[in-house]
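Asker: Chain order of the listed sequences is Y and H. Going by this note's numbering, the first residue of the first sequence is number 289, and it counts up by one from there. Going by this note's numbering, the first residue of the second sequence is number 289, and it counts up by one from there.
Note that these hints are calculated values from the structure, not bench results. Check the hints yourself; a few may be wrong.
All copies of an identical chain are treated as equivalent in the list; a pair is satisfied when it fits inside any one copy or across any two copies.
[Stated by the list, open to error] Cut-off 30 angstroms, straight-line C-alpha distance, at most; resulting in silico cross-link-like pairs (BS3-like, lysine-lysine):
#, residue 1, residue 2
1, Lys791, Lys583
2, Lys608, Lys680
3, Lys780, Lys323
4, Lys587, Lys680
5, Lys680, Lys702
6, Lys477, Lys694
7, Lys353, Lys454
8, Lys291, Lys800
9, Lys680, Lys529
10, Lys634, Lys689
11, Lys407, Lys437
12, Lys691, Lys680
13, Lys587, Lys689
14, Lys680, Lys628
15, Lys407, Lys702
16, Lys634, Lys691
17, Lys791, Lys780
18, Lys301, Lys608
19, Lys407, Lys528
20, Lys529, Lys608
21, Lys689, Lys443
22, Lys339, Lys587
Because the structure is a prediction, the values reported are computed rather than measured.
There are 2 protein chains.
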Amino acid sequence: MEKISLLQQERAKYRPKLPAIFTGEGSVLAVERGKTESVDDQETVRTLFSKTYGLPLISFEPSEKISLEPVNVGVILSGGQAPGGHNVISGLFDGLKALNPENRLYGFLGGPGGLVENKYRELTADMINTYRNTGGFDIIGSGRTKLEKEEQFDKGLENLKALGIKALVIIGGDDSNTNAGILAEYYQKIDAGVQVIGCPKTIDGDLKNEMIEVSFGFDTATKVYSELIGNIARDALSAKKYWHFIKLMGRSASHIALECGLKTQPNITLISEEVEAKGMTLGDIVDEIAGTIAKRAEKGKHFGIVLIPEGLIEFIPEMKALIGELNDVIAHRSSELDSKDNPDEKRSLVSSMLSEKAGALYVSLPEDIADQLIMDRDPHGNVQVSRIETEKLLIEMVGEKLKALKEKGMYTGKFSAQNHFFGYEGRCAAPSNFDADYAYALGYTASALIGTGKTGYMSSVRNLTAPASKWIAGGVPLTMMMNIERRHGEDKPVIRKALVDLKGKPFEMLKKHRDQWAVETCYVYPGPIQYFGPEDVTDQRSETLTLEHE
Amino acid sequence: MEKISLLQQERAKYRPKLPAIFTGEGSVLAVERGKTESVDDQETVRTLFSKTYGLPLISFEPSEKISLEPVNVGVILSGGQAPGGHNVISGLFDGLKALNPENRLYGFLGGPGGLVENKYRELTADMINTYRNTGGFDIIGSGRTKLEKEEQFDKGLENLKALGIKALVIIGGDDSNTNAGILAEYYQKIDAGVQVIGCPKTIDGDLKNEMIEVSFGFDTATKVYSELIGNIARDALSAKKYWHFIKLMGRSASHIALECGLKTQPNITLISEEVEAKGMTLGDIVDEIAGTIAKRAEKGKHFGIVLIPEGLIEFIPEMKALIGELNDVIAHRSSELDSKDNPDEKRSLVSSMLSEKAGALYVSLPEDIADQLIMDRDPHGNVQVSRIETEKLLIEMVGEKLKALKEKGMYTGKFSAQNHFFGYEGRCAAPSNFDADYAYALGYTASALIGTGKTGYMSSVRNLTAPASKWIAGGVPLTMMMNIERRHGEDKPVIRKALVDLKGKPFEMLKKHRDQWAVETCYVYPGPIQYFGPEDVTDQRSETLTLEHE
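Can you make the complete structure from the sequences, with help from the hints?
Answerer: Here it is in structure tokens:
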């Protein structure tokens, strides 16, 4: 028999909280509120989405019990895991069963690819029950196949029809929801008779906008990372001998680093968006970190915590340029490169192939990083930016800088560092109460959008800083979040990614306190996620959400 | 004002549970139970500890309220952090105040060095209250200075006398408690009038024996690591594309890896003690891992979890021999080595300096590891074994092995791996209920040993699988745990380190299930430590403790 942890056994009993609209006896009706426009490039987006552009925002109001014909629904988990995925599915399941106990839910396996390849499983009550309030996407698995071609859509439709599926829910990030919008438009255009509804998922926190306050998963993942950062900070303060450089997942945006920074108050929190806005060089960043280390050393504090967003490198303008040039060099002159065995010779050959500025930067990098940039290539032959160990790069360069400062008598400490990278540790944690409730409500709302006949919508639950009963469920047209962006040399309609707003309250809060946090020691230790006990502990909202919406 | 997390605020209210003997109205009397002998080398140990050898085991019985003269006590945190350190100190404080409200407690700062350098702080009720049930050693800091020379003892005594301190409590691992025993003997011999009491601390779990069931900190640290391993396992199962190689702190013994393995049921749990006992080579270990990966690939499972104890390398007999030879080479022929700049040439020079067997092993290592072995040296000029990234070494070698298997048609998968190292994440976590109670009870017991006039004892709390009220408090003579071992070319009395017992029940349990866990997917997700809620969740004992004592 499968062994289940004690916590999981107890947590299975948790009943996620729902917005009041869904806890009444009756049914709900959709209320339409005016026409919408896309966030930018309205004309182009309107032309591309002739069927689903300009749909109204949807909210719900209570109605008498309505009896609906039974319907079969499909669900897909797309992209990286995020805590709460299983609760979206159980909310969807419960919502569908409340509409009509005959409704059936099918899960496509291994992500969007499962739809095209017709890999699926019917999700029964017994199965759903063993996954309630658990982490992971393992109930049906996830995958990164992109649904973007008409032949995929057609093949998918064939499979949907064979199962009698009339509505499809796609749980994913900005890309997957963009594709959900395109699929909704296509099925509408060919009169396929299949509704498509999206759900906002990503730990990165970069799928948010005026109508979507946060994606599910961000709350839990940042709580896990903050637990670990707090523990490490307490260790640093106790042992008083290490600087810990901690890289945090979140490929483009720095929301995760910012949230963890606000929760734990480390000495330094780097924000990629700020680095880019200020046009900072790698040297500037190194100087800033070394400066703080020297200042703390003056006060006898030879320890500290630095948070580094995963995407940092690509936001440093000169590094971005260097990587672009290196990609060209690799693409066009790799046989010359491969002819050199001696690493020193190879590095000077590379630098001679670059522009003066990029060449100078290249030779200033630590040797192992310079080698790594050339050696590790992705399947398209490009530099593998995500493989660059930014945390080690910074440690090495900061160490060199401090040596130089020491020679000038401007630094007297001993610099010892440890590096960490947190990502996989948080993506499949069991959801916090907030994410358990929010994800469940998103799934339940998706069932209501299906029940009221909508397509081309993202499930939306707002007013999230209030207690769950006061949350506002509804639907946001997917086209409303789109604009046109250049991708791989083509103009494409995409849901706009939310980067850290340098004028927003969360970043303002960091800015206000960071000079003090840098030099003094103001660590906060959030501890692990609690599922039982005082509500102020179990139901805490993220700092980001609270600052943005309260 | 200092910001405290919500969880910490709520957790501050927790009242640690105590053995019944300490919850009565009256005082306690020490009961002596027979003479003791050291675990080995009795004659030598007896000679070295003429004053404190053979002391009886101590237990307590209730007595009428006894009034004692006020006494000043000192406390020291020694070595690496472990969850519960602050609770030992608060238990000691509360116990001392119960003996006599006039009693005072002084903490020496930054570890044993604080005693010698006379750096201290009086620990008042207000101060203690802000540290109850928190992680870290930051109330007084810790350090790794070893108290082993008479001049340190004399200097320390001077400082103790100046503060009127009559008893000293040293909270540390096997080495620190060995030194506590030596200090107790010395102060007894010179009639210093200072009692010395030790407390068993270490997350590594290697300070245990017939009389000490476990050290405090092991429970919490392994719970934190298991939370993360479970989350990563769930991610592996959801994404189905990575093998995660996870190294776990625990320098010599593999108790941490074993405990986490039993809690989370990963595919592979390496146990250093078994590797040594079987005389396994690095190649054997690589073959075993690659074999399991190939078996899972046959079933379409291209993912998995491998747990690696930090000390593994030193338990592989051929690696131990290689490192010994490398240390000789570095010590005697470093100028020759330094003359080579080209890494290929340097590696072949090194291998020519080694015995045939060691040379062959050296050149079979991945190049970056071979370079690292020569480059990174500790302050004594030795190979920095702890810097070897075993998890990356294994990934690289397993990858090569799988390539070879693929060429022979014996492996058909795609091997992608991620590496992790967990250590600092768990050492300063807020203690679990078990560690909060146990550490507090150890501190309280230390106060009782002081009150009953004992010296040369380790505070002991047994029967730990029972509810706390049934725990048995007492004292174990430090000499009873000692034997003679060769250290740095000298025979020394030391407390015997407890390695994983290959005939013990915890390892038996792993052995019984590991073939199934390897090929099937039987992950368990323990989730984060819970401080509130159902008692079976909050008060769970470690698998190791339960299997050894129930």
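Asker: Hint by hint, say whether it matches the structure.
Answerer: Here's how the hints hold up against the structure:
no., hint, verdict
1, Lys791 to Lys583, "within (28 angstroms within a copy, 54 angstroms between copies)"
2, Lys608 to Lys680, "both (18 angstroms within a copy, 28 angstroms between copies)"
3, Lys780 to Lys323, "within (23 angstroms within a copy, 84 angstroms between copies)"
4, Lys587 to Lys680, "within (26 angstroms within a copy, 37 angstroms between copies)"
5, Lys680 to Lys702, "both (17 angstroms within a copy, 28 angstroms between copies)"
6, Lys477 to Lys694, "neither (69 angstroms within a copy, 48 angstroms between copies)"
7, Lys353 to Lys454, "within (22 angstroms within a copy, 79 angstroms between copies)"
8, Lys291 to Lys800, "between (48 angstroms within a copy, 15 angstroms between copies)"
9, Lys680 to Lys529, "both (18 angstroms within a copy, 25 angstroms between copies)"
10, Lys634 to Lys689, "both (25 angstroms within a copy, 28 angstroms between copies)"
11, Lys407 to Lys437, "within (19 angstroms within a copy, 71 angstroms between copies)"
12, Lys691 to Lys680, "both (17 angstroms within a copy, 29 angstroms between copies)"
13, Lys587 to Lys689, "within (19 angstroms within a copy, 51 angstroms between copies)"
14, Lys680 to Lys628, "both (26 angstroms within a copy, 26 angstroms between copies)"
15, Lys407 to Lys702, "between (58 angstroms within a copy, 21 angstroms between copies)"
16, Lys634 to Lys691, "both (27 angstroms within a copy, 27 angstroms between copies)"
17, Lys791 to Lys780, "within (28 angstroms within a copy, 64 angstroms between copies)"
18, Lys301 to Lys608, "neither (49 angstroms within a copy, 51 angstroms between copies)"
19, Lys407 to Lys528, "between (54 angstroms within a copy, 15 angstroms between copies)"
20, Lys529 to Lys608, "between (34 angstroms within a copy, 29 angstroms between copies)"
21, Lys689 to Lys443, "neither (58 angstroms within a copy, 40 angstroms between copies)"
22, Lys339 to Lys587, "neither (65 angstroms within a copy, 45 angstroms between copies)"
Hint check: violations occur at hints 6, 18, 21 and 22; the rest are consistent with the structure.
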